[in-house]
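Q: Work the whole structure out from these sequences, hints included.
Protein chains: 2
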Amino acid sequence: MEFFYSDDIHDDVIKLNTHESKHCIRVLRKKEGESLNVVDGKGTLYQGNLISITKKNCYVRIDKIFENYSCRDYYIHIAISPIKNHDRIEWFVEKSIEIGVDEISFIRCERTLRKKIKLERLHRTALSAMKQTLKAKIPIINDIIDFDDFVNVNNKSNIFICHLENENRKNLFHYRKEISDNYKHCILIGPEGDFTSNEIKLSKKMNHHPITLGTSRLRTETAGVVSCSILNFLNTL
Amino acid sequence: MEFFYSDDIHDDVIKLNTHESKHCIRVLRKKEGESLNVVDGKGTLYQGNLISITKKNCYVRIDKIFENYSCRDYYIHIAISPIKNHDRIEWFVEKSIEIGVDEISFIRCERTLRKKIKLERLHRTALSAMKQTLKAKIPIINDIIDFDDFVNVNNKSNIFICHLENENRKNLFHYRKEISDNYKHCILIGPEGDFTSNEIKLSKKMNHHPITLGTSRLRTETAGVVSCSILNFLNTL
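Protein chains in written order, with our numbering: chain D, 1 to 237; chain C, 1 to 237.
FYI, nobody ran anything at the bench for these hints, they're computed from the structure.
Honestly, I wouldn't trust all of these hints.
Pairs involving identical chains hold if they fit within one copy or between any two copies, as the list cannot separate such chains.
Below, computed lysine-lysine pairings styled on DSBU-like, alpha-carbon distance capped at 35 Å [unchecked claim]:
(1) K84 x K30
(2) K115 x K30
(3) K84 x K118
(4) K84 x K31
(5) K55 x K84
A: This is how it looks when you write it as structure tokens:
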């Protein structure tokens, strides 16, 4: 099975852009009349037939519509300090989408070395990961924002923070009731060298739950992927 | 903190090879008299002092020995079909070591596209991941072996198999008692396109536990990392 992406859908016809059309015609060698699956990145899957191929575009007539395709009954938001090596950020985006994430934010912490992210590139990575894993919805990817601003804006109760300060940190399993009772979960992952004590103080003030991901020293992007994997796991118990 | 690796340890002196010595002198600019952490890849951490620097080597006098450094009370063995793209295999090795794995095997399944693996390269990846994550033990990495042979040799009871065939597959949480009661756990991860029905039949005969890693379609290497992350998680509950 193969998913195509389009945001150009009018009435019962979908137009694939040049990039998707090339892939459809040159790589997969689809012919007029063949059936195609197209997703809009917003949660809807369309099944249809390839009705016309021009030099630059393919046109698909819609037969069936599946709204909220493969949607889950929980929402995972990961807020992570960007890593210096941009490939590793892209890797995190790809893997968390594969595993299941609804929103990704980048937080500029005191110890964050990278101050900007290549948002457009991440959107491309996200699009391709969505198609690869047969999902219909691209997660929201937010541009980088200061830690303090993020924490002040996202002031809902079910926020977890992974830090290394030696206090009363729990395993995520400890919060399984909160996790199954709530729809939305947000995890904060700090930079190499951890959150600063000021940041941890602010986080405490906002009643975030301090958690540990185990005894292994994980790179930032690995902590992102592991927390995403465990949150998905606990949500499906 | 930084870990160096050496397999050249005699009496109370450790010799670092040229590669490690270069990193020690040129990158970290260590001087004689400074303290160093060296691991042997077999589970022992040595703390000592840099006593001599030659053109090609560094010598460390051992002060303290920590046997079974950061060892865990469980054993995770992941047997995985190699992926066509070798970078993704290396990525799996790196990430699973970060998260925690004791043994990695590569299994040649009927649908496995890659028939050989670059074992030496994987050993280098493993060494570097061990040092990066401050561990003292390199996991065992076994060369590729046919699925049937693997299954016949590894005939212990606590083996899980991730496949997509629509039968009585459970979440790993279902087996948490088996997991906490046993020391050794093995997970089998198949190739793109899944295990064949013959392979699944054999696995059934050997009383493997069929499991699911959730509803998302995961790439092989992601399934490896996710199962490693969940097994570690369940072992620490």
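Q: I'd like to know which numbered hints this structure contradicts. Please list them from smallest to largest.
A: none
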